[in-house]
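Given chain R, work out where chains Z, B, D, W and E with the ligands should sit, using these hints.
Chains as they are written, first to last, in this note's numbering: chain R, 1419 to 1851; chain Z, 1419 to 1851; chain B, 1419 to 1851; chain D, 19 to 96; chain W, 19 to 96; chain E, 19 to 96.
You may find that some hints are simply not true.
Straight line, CA to CA, 30 Å or less: simulated DSSO-like cross-link-like pairs of lysine-lysine [as the list claims (entries may be wrong)]:
(1) 1681/R / 1455/B
(2) 53/E / 1681/B
(3) 1681/R / 57/D
(4) 1421/R / 1577/Z
(5) 1455/Z / 57/E
(6) 57/D / 1455/R
(7) 1421/Z / 1670/B
(8) 1577/Z / 57/D
(9) 53/E / 1455/Z
(10) 1456/Z / 53/E
(11) 57/D / 1456/R
(12) 53/D / 1681/Z
(13) 1681/Z / 1455/R
(14) 53/W / 1577/R
(15) 53/E / 1421/B
(16) 1781/B / 53/E
(17) 57/W / 1681/R
(18) 53/D / 1577/Z
(19) 1455/B / 57/W
Calculated directly from the structure, the hints in this document are not laboratory data.
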Amino acid sequence: MEKVLELWHASGLYNITGGQVTMILVCLVLLYLAINKKFEPLLLVPIGFGGILANIPEAGLAFSAVENAVHFAKPEVLQSLASTLGTASTEPYEVLTAYNESNASAHHAASLVAADAGYSNGMMYNFYSVVIGSMIGPLLIFMGVGAMTDFGPLLANPKTLFLGAAAQFGIFATVLGAVGLSAMGIMDFSIQDAAAIGIIGGADGPTAIYVASMLAPQLLGAIAVAAYSYMALVPLIQPPIMRLLTTEAERKISMHQLRHVSKTEKIFFPIILLILVAMLLPDAAPLLGMFCFGNLMRECGVVDRLSDTAQNALINIVTIFLGLSVGSKLSADKFLDLNTLGILLLGIVAFGIGTAAGVLMAKLMNKMQGGNSINPLIGSAGVSAVPMAARVSNKLGLEANPQNFLLMHAMGPNVAGVIGSAVAAGVMIKFVG
Amino acid sequence: MEKVLELWHASGLYNITGGQVTMILVCLVLLYLAINKKFEPLLLVPIGFGGILANIPEAGLAFSAVENAVHFAKPEVLQSLASTLGTASTEPYEVLTAYNESNASAHHAASLVAADAGYSNGMMYNFYSVVIGSMIGPLLIFMGVGAMTDFGPLLANPKTLFLGAAAQFGIFATVLGAVGLSAMGIMDFSIQDAAAIGIIGGADGPTAIYVASMLAPQLLGAIAVAAYSYMALVPLIQPPIMRLLTTEAERKISMHQLRHVSKTEKIFFPIILLILVAMLLPDAAPLLGMFCFGNLMRECGVVDRLSDTAQNALINIVTIFLGLSVGSKLSADKFLDLNTLGILLLGIVAFGIGTAAGVLMAKLMNKMQGGNSINPLIGSAGVSAVPMAARVSNKLGLEANPQNFLLMHAMGPNVAGVIGSAVAAGVMIKFVG
Amino acid sequence: MEKVLELWHASGLYNITGGQVTMILVCLVLLYLAINKKFEPLLLVPIGFGGILANIPEAGLAFSAVENAVHFAKPEVLQSLASTLGTASTEPYEVLTAYNESNASAHHAASLVAADAGYSNGMMYNFYSVVIGSMIGPLLIFMGVGAMTDFGPLLANPKTLFLGAAAQFGIFATVLGAVGLSAMGIMDFSIQDAAAIGIIGGADGPTAIYVASMLAPQLLGAIAVAAYSYMALVPLIQPPIMRLLTTEAERKISMHQLRHVSKTEKIFFPIILLILVAMLLPDAAPLLGMFCFGNLMRECGVVDRLSDTAQNALINIVTIFLGLSVGSKLSADKFLDLNTLGILLLGIVAFGIGTAAGVLMAKLMNKMQGGNSINPLIGSAGVSAVPMAARVSNKLGLEANPQNFLLMHAMGPNVAGVIGSAVAAGVMIKFVG
Amino acid sequence: MENLVSEGLSLMGFGMGFVFVFLTLLVFATSLMSKFVTKFLPEPVVLPKVKPATPVSGHNNDELLAVLSAAVHHNRSK
Amino acid sequence: MENLVSEGLSLMGFGMGFVFVFLTLLVFATSLMSKFVTKFLPEPVVLPKVKPATPVSGHNNDELLAVLSAAVHHNRSK
Amino acid sequence: MENLVSEGLSLMGFGMGFVFVFLTLLVFATSLMSKFVTKFLPEPVVLPKVKPATPVSGHNNDELLAVLSAAVHHNRSK
Ligand code: NA
Ligand code: NA
Ligand code: NA
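Isolated chain R (complex conformation) (with noise of 0.2 Å):
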C-alpha cells in the first residue's frame, strides 16, 4: 500500500500545476498548426513534441542535475549545494538563486555535488546544452540552407540587396518599441532581451534561435516559436500591407527577365561575401562563414557528396534536436509569463514594420529607375521567410496582372534577406553581447 501511494505521490497526475496544463495544450496547438496548417511544420513538431516532454511532472527532461536535486529537495543535498554555493539558506528557492547567479567555477562545483547525490541533467537539457548551448545547431543549420540556396537571381540583379537591407528595419523598430515598453513600464526587457525580440523580425529561424541564446537564452522559447509562427504566416501577415503602399500600376509593373548567371561567379560570391564579414563584422563570422561554407560547397562542383549530405542527412538529424532543444524552453516556468505575450506582439510588428520598409524601399528604387523596373511587391520578400515571402511577391505580382511572373525577381531581395539579418545579428552581438 505504501509503495501504491509513492507511486501516486510520483506521479504526474499528483504533481502537475496549472502551469503545465497550460503549456501541453498549448504545445497541442502548436503541434494542430504544424501539422493540420502544415506551419513550418519541420521545427514546429518538434518544437512543440519537445514542449511537452518537458513540461512532465517530476521528469525534470529540461533541467539540469542541480535543478533536479533542488526540485527533490533532500536536506542534506540542499545543505551541501548551499554550502557549494556559499549561501547560508538551504530554502530550495535560494539555493536555485545562488546557483543561477554563481559563477562558472561554482556551476561546476555544483554540478559535481548533484551528480554524487544521484541527480543527472534531464534528456532535454543535454540536448539544449550541446545543441543549443554550444551554437552548433544553428551553425549547421545555416551550413545546410547555405548548401540549399542558390544565389543566381541576386547576382543577377544585386541591386535587390538593398531591399534586403531595407527590410532589417523591422529588426530595429522592434528593439526600439521593446525598450519602449520597459521604458513605459510595461514589460521589463533588457537591451539585449530587446535585440533578442528585434531579430524575429529578421523572419529567419537559425538567425533567430542564434542570437536569443547568445544574448536573453530565457526568452529563447518564446521568440523562436514566435520567428516560426510567423514565417508560417507570412501569407496573412504581408498581403494586406502590400496592398496598402502600393497602387494597381505599380504592382502591375512587368520586370524584364535577369541575366544569366556563371558558374564562376556563382563560386566567387560566397568567398566575397566571406571576405567583406572578415572585414567589416567579425561577429557575424560564425554565423555568416558557415552559410558561405555551405554556399561554396553547393556550387563548387567538386564535393558533391558533401553538399548533398549538408543538405539531407546532417540537416535532418540538427533539425530533430534544434527543435527538441527548443522545445525544451517552453516549460512553464520559462515560458508562462507576461514577457512572452510581449514577445509575440511584438514579433508580428517586427513582421508588418519589416515587409512595409522593404515595400517603401522598392517604390524608392522603382521612383529613382524611371518608375517602370521594379516591382514593388519585391520590396516585401527582404525580410527572409525564404521562399514563403517570394511567393507572396509572385502571388500578388499574378493577381494584378496574370502574366507577371515576380517569383525569380523576389527571389533575390528574399536571400539578400537573410544575409541582411544576419548582419544585424552581427552588429547587435558586437554592441549589446
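Coordinates of chains Z, B, D, W and E with the ligands only, in the frame set by chain R:
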C-alpha cells in the same frame, strides 16, 4: 636489442591473459552467429567486434584514463592518484578500488591527474560514455523504432494491449528468480541487478540496454548479449511452449480481418500514449517519449524527411556506436564471471515465462469472448521481439490451418509488448533506481 | 561617433595582421587548387575554407576561451588568469605561455576563469577538440575507408604486401631527414615532430592527421595540407621516379590474371588482420581496428545498411568537420613558420623515397621470381594514395604496352600501403608518443 | 536475504499491477479516441496521394522551376 | 529607463546604418566581381555536364570496373 | 643533437624492421587462411544474389505486405 625487448614486452602476445583469450573466442562465436546464423546481425556484429577490441591486451581501449594510468602503474602516478583519492595505499588494486568508490569530484580530480601523466580514455570507453553513459544511444534507437512502427494493427484491436501486458510477467518472474538465486547464496545479485536482468524478458534491445546502464552497468555486456541472442532465438524458444499450451483446435482459430484505421487515429495515438505516460509514470518518459516522437514524425505526414532520417542515417549511425559501446563491456574482467552464466540462464527463463504468460492470457481472452475469436498463438507475440515473434505466431498458425494468416493480428500484441516493457522499465527505475 | 569608432576598432580591416593576410591568400590558393585543379577537393575545400575562418581577425574562431580572454587583455581578467596559473606576470604573452605549459588541472581552472569573464571557445576550436582532439574524426574516416576497400586483389596475391611494406621506407627516411636538419641546426624539430612529418610519406590522410594530432599537434595544419596536396600530386611526382628506376622491358611485363577470391576469405581477412594487430602492436589497434571493422561490415553481407551509412552519410559528415578542424590549425601564428617550409620540403622527399623503395622492392621480387612475372611499376602503388597511385601504375603500364592492364595488380600493394603506414604509425606512437 | 526476496516479490506485484493498470487505461483511451475520431473527424472519402513538400528552409525548387519555366515561356513568346 | 531608450535608439541607428553600408559594399563587390568574371573568366560555350567523381578516399569503382572488365576481356580473348 | 640523430636512426631501423615483420606475418596468415578456406569452406557453386533483409528492429515490411495481401485476398475470396 633493448628496443626489441621493449616492443615485445608491450606486445599483446606477451601480455595476454587467459581471460582475454577466452573473451576473444567468445566474441568470434558472436560474430559467427551474427554472420552465418543471422542472429540480429545489426547489433551482434558491432558488439562482437567491439568485444574483441575491448580485449586487446595493453591497448586499454575500454578503460578510462585513470584505469589506464593504474594499469601501467608508474610509482609517481600511483602516488599522485592515491593522494588525490585520499587513500594511503599505492597498490594498483587498492587505488582502483578507491577510485571506483569515490564521488564525482574525486573522479574528476583523478581524471585530471591521469591526463597530466599523459594517459587518456580508451576509444571504446569514450564511445560508451557518450552513447550509453549519457543514455542518448538507446533513446535515439527508440525514436527510430518509433518511426518504423505501424500501430495500425494495435489500433484496430486495442484489446491486444492486454497480451502485451501479460507477456511482461516474464520480466518480473525473472527478477524474482534472480533474487531467489541470491537468497539461496548461489549468485550474488542486488535488487538493482535483478531488475536489470529481468528486463531481458522484455525482449527489446534498447530497453534492456537503457535499464541495465542505469541500474547495473557492470552487467550491461552480459544483459545485452543475452537480450539480442535470445531475440534471435525466438523461433526456437517459443514454438514448443506455444504448442504445449494450446490445443490443435485453438491453433486453428481464424481471426476476422482487422478494420481500417484512419490516419487521424494514428496521429492521435502517440500523443495519447505520451500524455498517459506523463500523467502516470514520469520515469518512463524519456524512453516512451522518444518512441512516441518517432511515431508522430512517421504518422503526421508533414515531416517525412525527418522521419526518413530517423529511420535510416541516424539509427544506422547510432546502431554502429551502440554496438561498439556494448562491446566495450565485454572485457574479460567484467564478463567472465559466474554472474554472466546466471544472466544467460535467467534470460532464457524470462523469455519462456513471458511467452507462456502471453499465450495463457490470449487463451483466457478467447474463452471470455466465446472461444472462437482470438487465436491464442498471437499471445506469444506480446513479448516484443518485433517482428520475429509475430512471424512465429503466423508460422504456427499456418501449420495448423494453411489459410490462417495471423501476422497482422500478432503485430498488435507485438508492438504492445514494446510499450509494456518500457512501462515495466519505468516502474523498476522508479522503485529500485 | 564613439560607437562608429568602436565598430571600426573591432573590425577586421583595422586589426588584420600581415600574417593573416598571407594565410588568407594561402587558403584561397588551396581553394583554387581544390576547385579548379581537383586536388583532393573533399578535404581541401573544407581545409581551405576553415583556414580563412581561422584567420578572421578579432573573431578568435580557432582559439580557446582562455586564448580569447588573453587576446582581449582586460587587466582584471589577466590578473585572475595569472593567479590561477600561478604566474607573477600579467603580460598577455607570459600568461599564455604559463597556460600552455600548465597541467590539466590548471587548464581546467583557467577555462572556468575565462568562462566567468564571458569568453568562450571559438567555433573552430570546438570543432578541433571534438573531432581531432578526441581522435574520433580520423578513426571514423578510417572505418569508412575500410568499408570502401576491396581487399580482393590483395588476397589474390598476398605477396604484394611486401610492396606495401617497402614503400613505408619513405616515412622513416623522412624522419631521419627531419632529425638531420635539426642536428645541423637548420630546423628545430623534436623526434616527435620528425615522426609526425615522416608520416606524410605514408600518403594516407587520416593516418597523417591521427599521428600528427598525437605527436605534434602544432604541426598538424602543415602536415595535413602537405599530405593531401602531395596525394593529389602523385600523378606528377611518381612517373619520373618510376621511369628512372625501371627499364622499358620491365615496364612491358604483363601480369597474369588474378585468381577469384571467395566471400569467405574476404570476411576472414579483417579478423586476421585485427588479431595480428592485437597480438603484435596494440598501439595501432584504434586505427587498424576501426579500419577492419569497416571492412568486416562491408564484406559480411548481413549489415549492409550500416556499411552504406559508414560509406556515405557518416563519412561525409565527418569529412566536413575534419576538414574544418584541420583548417583551424592554419591560423597565421601556427602556420607561418620556417618549419612549415621544412615540412613541405620533407613531405615531397618522403613521397619520392617511398615511391622509389616500392619500385625497387618490386624489381627485386620480380628478379627473384624469374624476371617476368611482376611488373615493377606496381611497386610505386605501395605508398597508398588510394587509388591514385594504382592508376598511375596502370597508366605507365599502358604507355609501355597498350594491352597491359595493371590496375587490379596495383590495387594489392595500394591497399597494403594503407596497412603498412598504419603499422608504421603504431610503431612511432609506441616509441616516441 | 529475506529482505531481498520480499523486495523482489513487492517489485513483481507492483510492477505487473502497474503494467496492467497502465495498459488497461491505454485500451480505454485508445478506444475512446478511435470512436471520437470516427465520429467527428472521418477521413475524406477520396484522398489523392500528394507528396508533401517539406523542405527545411522551404526552398521548394519544383514550384520555383514551374513558375520560372512559365515565366521564361512568357518572355520568349512576346 | 531613459538610458535604455537611448541605447535602443543608438542600436537602431548604428544597426541600420551598418546593414546598409555592408550591403552597399556587397553590391559594389558583387558587381565588380561579375564584370571581372564575365570579362576574364567567361564560361566555355558548350559545357557537357559531367558528373564529378569525388569519392572520399578516391576509390573510384566505375573507372576501376571499366578497366577491370577491359582487362578480363583482354585475358579471355587471348 | 647527436642523440636526436641516433634516435632517428633507431626509429628507422626498428620501424622498418617491424613493418616488414608484421606484413610478412600477415602474408603467411593470409595465405594459410586462403588455403584453409579454399579447402574446407568452398563457395557454393551457384549463389543466387539475394538482397539481405536487415531492418534494425526487423520491421520487415516486404514480407508483412506480402502476407497481408495474401490475407486480404483470402478474406475477399470467401
Ligand atoms: Na531577414
Ligand atoms: Na516487451
Ligand atoms: Na601508406
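Hint check:
1. 1681/R / 1455/B: Holds, at about 16 Å.
2. 53/E / 1681/B: holds, 14 Å
3. 1681/R / 57/D: Cα-Cα ~57 Å, so violated.
4. 1421/R / 1577/Z: holds, 28 Å
5. 1455/Z / 57/E: holds, 21 Å
6. 57/D / 1455/R: holds, 21 Å
7. 1421/Z / 1670/B: Distance ~43 Å between residue 1421/Z and residue 1670/B Cα, so the pair is violated.
8. 1577/Z / 57/D: Cα-Cα ~20 Å, so holds.
9. 53/E / 1455/Z: holds, 24 Å
10. 1456/Z / 53/E: Holds. Residue 1456/Z to residue 53/E sits at ~26 Å (cutoff 30 Å).
11. 57/D / 1456/R: The hint holds at about 24 Å.
12. 53/D / 1681/Z: holds, 14 Å
13. 1681/Z / 1455/R: holds, 16 Å
14. 53/W / 1577/R: holds, 15 Å
15. 53/E / 1421/B: violated, 79 Å
16. 1781/B / 53/E: holds, 27 Å
17. 57/W / 1681/R: The hint holds at about 14 Å.
18. 53/D / 1577/Z: The hint holds at about 15 Å.
19. 1455/B / 57/W: At roughly 21 Å apart (the allowed maximum being 30 Å), residue 57/W and residue 1455/B satisfy the hint.
The earlier numbered hints that this structure contradicts are 3, 7 and 15.
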